[in-house]
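Protein chains: 2
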Amino acid sequence: MSTSMNPISIARPTLPPVEELQRRLAEILAGTELTNGAEVARFEAEAAEALEAPEVVAVSSCTAGLMLVERCLELKGEAVTPSFTFFATAHGLLWNGVRPVLADCDPESFQLDPHSVRRVLGPECSAIVGVHLFGCPAPIDELERIAREAGVALIFDGAHALGARWRGESVAARGDATVYSLSPTKQMTCGEGGLIATRHPELARDLRQARNYGKGDGYDCDILGLNARMTEFQAAIGRATLERLPAALERRRELAAFYARGLERIPGVRLQRIPEPALSSHKDFAVVLDETVDRDALMRFLAAEGIDTRAYFDPPLHRQKLYQSYYEPAREALYNTDAISSSIVCLPIHGAVSDDDARRIVDRIAGFMARPVERPRAISA
Amino acid sequence: MSTSMNPISIARPTLPPVEELQRRLAEILAGTELTNGAEVARFEAEAAEALEAPEVVAVSSCTAGLMLVERCLELKGEAVTPSFTFFATAHGLLWNGVRPVLADCDPESFQLDPHSVRRVLGPECSAIVGVHLFGCPAPIDELERIAREAGVALIFDGAHALGARWRGESVAARGDATVYSLSPTKQMTCGEGGLIATRHPELARDLRQARNYGKGDGYDCDILGLNARMTEFQAAIGRATLERLPAALERRRELAAFYARGLERIPGVRLQRIPEPALSSHKDFAVVLDETVDRDALMRFLAAEGIDTRAYFDPPLHRQKLYQSYYEPAREALYNTDAISSSIVCLPIHGAVSDDDARRIVDRIAGFMARPVERPRAISA
Numbered sequence: 012m013s014t015s016m017n018p019i020s021i022a023r024p025t026l027p028p029v030e031e032l033q034r035r036l037a038e039i040l041a042g043t044e045l046t047n048g049a050e051v052a053r054f055e056a057e058a059a060e061a062l063e064a065p066e067v068v069a070v071s072s073c074t075a076g077l078m079l080v081e082r083c084l085e086l087k088g089e090a091v092t093p094s095f096t097f098f099a100t101a102h103g104l105l106w107n108g109v110r111p112v113l114a115d116c117d118p119e120s121f122q123l124d125p126h127s128v129r130r131v132l133g134p135e136c137s138a139i140v141g142v143h144l145f146g147c148p149a150p151i152d153e154l155e156r157i158a159r160e161a162g163v164a165l166i167f168d169g170a171h172a173l174g175a176r177w178r179g180e181s182v183a184a185r186g187d188a189t190v191y192s193l194s195p196t197k198q199m200t201c202g203e204g205g206l207i208a209t210r211h212p213e214l215a216r217d218l219r220q221a222r223n224y225g226k227g228d229g230y231d232c233d234i235l236g237l238n239a240r241m242t243e244f245q246a247a248i249g250r251a252t253l254e255r256l257p258a259a260l261e262r263r264r265e266l267a268a269f270y271a272r273g274l275e276r277i278p279g280v281r282l283q284r285i286p287e288p289a290l291s292s293h294k295d296f297a298v299v300l301d302e303t304v305d306r307d308a309l310m311r312f313l314a315a316e317g318i319d320t321r322a323y324f325d326p327p328l329h330r331q332k333l334y335q336s337y338y339e340p341a342r343e344a345l346y347n348t349d350a351i352s353s354s355i356v357c358l359p360i361h362g363a364v365s366d367d368d369a370r371r372i373v374d375r376i377a378g379f380m381a382r383p384v385e386r387p388r389a390i391s392a
Numbered sequence: 012m013s014t015s016m017n018p019i020s021i022a023r024p025t026l027p028p029v030e031e032l033q034r035r036l037a038e039i040l041a042g043t044e045l046t047n048g049a050e051v052a053r054f055e056a057e058a059a060e061a062l063e064a065p066e067v068v069a070v071s072s073c074t075a076g077l078m079l080v081e082r083c084l085e086l087k088g089e090a091v092t093p094s095f096t097f098f099a100t101a102h103g104l105l106w107n108g109v110r111p112v113l114a115d116c117d118p119e120s121f122q123l124d125p126h127s128v129r130r131v132l133g134p135e136c137s138a139i140v141g142v143h144l145f146g147c148p149a150p151i152d153e154l155e156r157i158a159r160e161a162g163v164a165l166i167f168d169g170a171h172a173l174g175a176r177w178r179g180e181s182v183a184a185r186g187d188a189t190v191y192s193l194s195p196t197k198q199m200t201c202g203e204g205g206l207i208a209t210r211h212p213e214l215a216r217d218l219r220q221a222r223n224y225g226k227g228d229g230y231d232c233d234i235l236g237l238n239a240r241m242t243e244f245q246a247a248i249g250r251a252t253l254e255r256l257p258a259a260l261e262r263r264r265e266l267a268a269f270y271a272r273g274l275e276r277i278p279g280v281r282l283q284r285i286p287e288p289a290l291s292s293h294k295d296f297a298v299v300l301d302e303t304v305d306r307d308a309l310m311r312f313l314a315a316e317g318i319d320t321r322a323y324f325d326p327p328l329h330r331q332k333l334y335q336s337y338y339e340p341a342r343e344a345l346y347n348t349d350a351i352s353s354s355i356v357c358l359p360i361h362g363a364v365s366d367d368d369a370r371r372i373v374d375r376i377a378g379f380m381a382r383p384v385e386r387p388r389a390i391s392a
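Chain order of the listed sequences is A and B.
According to the numbering used here, the first sequence is numbered sequentially starting from 12.
According to the numbering used here, the second sequence is numbered sequentially starting from 12.
No wet-lab data here; the hints were simulated from the structure.
As the structure is a computational prediction, the values presented were derived from the model and not from experiment.
Heads up, a few of these hints could be off.
Since the list gives no way to pick one copy over another, a pair counts as held whenever it fits inside one copy or between any two copies.
Calculated pairs, BS3-like style, for lysine-lysine (alpha carbon to alpha carbon, straight line, at most 27 Å) [to be verified]:
(1) Lys-332 - Lys-226
(2) Lys-87 - Lys-332
(3) Lys-226 - Lys-87
Please work from the sequences and hints to get the whole structure.
Rendered as structure tokens:
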């Protein structure tokens, strides 16, 4: 009711006590390496075990990771990717001179729709870039089948997916590579950072070279790389937050279950469907509203109550200035993407959201939805 | 003489006391921002003052900074850049789909040679990417004149240039942008990081957008950006090392003067010439050896004495796998680049090099150079 209540932000990093990070900082500074050294290697080994991935390569960001995977796999021509995603999913393609072909999403799970992928996948396609949206795994089995049949690479933008599972297993070893994000809004963080998981040892070797400019023996470059090194202290923060990942995921699942119970009985509110073999990491908790409901009015209403929300991802890629020229309605209309992006809202779900906070959020949404529908006023002189 | 002496590494970051960095870390963690927040803004303001730059934009690395400057300036076609440089100078061009045209260097200053630039600059050229090599300013006045006459952009890779001056002024505000590096081998460091200095407010505004994916209002992207954000703690390290930059530069100048006095009297050894209006930041101290001297043998000899050296930059770009296809000898032969790169060696110059260390390095080089020339043995059965 009142804005004097504790504001609830959309995201908040869960960090270890400051004393622990100070101690880890002192350990790093006692050595001689500031970047891409022994602490990064330890973090990679621990992350590989936790993510059940054969190989993990630490990089400076998820975006840099996608760019380097796509460079090392030598993508050319086109790549299929959803329009309903964060823009960084497709940025790597543009930086690599690869044309994004935008596919539609499933109306219930909001994930990349395999039927749409099959429709748009043409002879110039060299890859599919899937997304584990909001932490729910994409339809991995079908995307792997399509990629195998077409002979193209399959890369997952796993920015949201730390902790996501499919048929009881981590998603990390599926496709050719999965790139996780460690930015502050994620289930664990390094401040900034990314982790590339892959089952291909040769790709991991190339990525380790590519994150250090592509430098080969001596000072000879044979891959176009980046400075995408992770610093030693970022790796130390990553190790500390990785230890706390199971607890962070558990809390997100509790909150998601609470939201689901509270919201699914409210008419006009529909939840992201998590398909059967999937376990979501609940990076985001997404709700879609009936077409009669004014989504932006709900967001303003909640903001006035101190509840921070986001319209992820509105506009979708094909409505953005940078990507609109890649939208070919005659090749694939993006009806579901348009419908979902205009009616979606994501709620706060992170370690600083208390049970009371979650209850308040559900109550406020129920209150808003119970109000009489406001009809647009006729324009009059 | 003996390897039991204190080894002298090629580079070593000069950092504040661990207690100071722990205190700064605690201050960051007491806030709510982990990346690209108020501490980054403070660092940018202090760096702008110290570097005498109208605008400074902090980014995650010098390479990312070059990529974003080149993207925001909408480079197309070709860009002229030296072959005698670190490969990252030209990586941004390749990531932007711009063809590097490799120019030769001056045989004495090792800097990009304006005569060579004029020879290779053609109608498809959209920029010159100069380099303040080893911390010595490039021939800024002439490059600015050429760029102005040709109507092309002028960007400086200032990875080495923190503290470099030209005609008594910082190099930061020259050309369209100068991109500094804050990686661990530099005069000051953030762990990893970069600073873009520019005199164009519009470019600075675009770069601030581009370092955050290119995100404009709402979630609409209109520039192809990167996640090139600097974390708050990196900015805190940067602020702490910026305070110590004058002392770091002073020590490098003392060591450079000592090396110069000691080495210039040794036959067969030639120093990088620092042209008259230039004040070098002495990121590296470079020596070129007579053609009768085996550079690699000297490096092995010094390594056995515990003295770490580098052959910056051998191979030069046009001899590297990634760049050799851009070498067009008929357009411009790179004689000086080949001669310098095969005979150059860089000596340790940083805050952990003592007077005794410097004396020992000069002595050992003198000792090596006084040895009888080893003639190549005839190949016999």
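Now for the hints, and whether the structure bears them out:
1. Lys-332 - Lys-226: between (35 Å within a copy, 10 Å between copies)
2. Lys-87 - Lys-332: both (23 Å within a copy, 20 Å between copies)
3. Lys-226 - Lys-87: both (22 Å within a copy, 26 Å between copies)
In the structure shown, no violation is registered for any of the earlier numbered hints.
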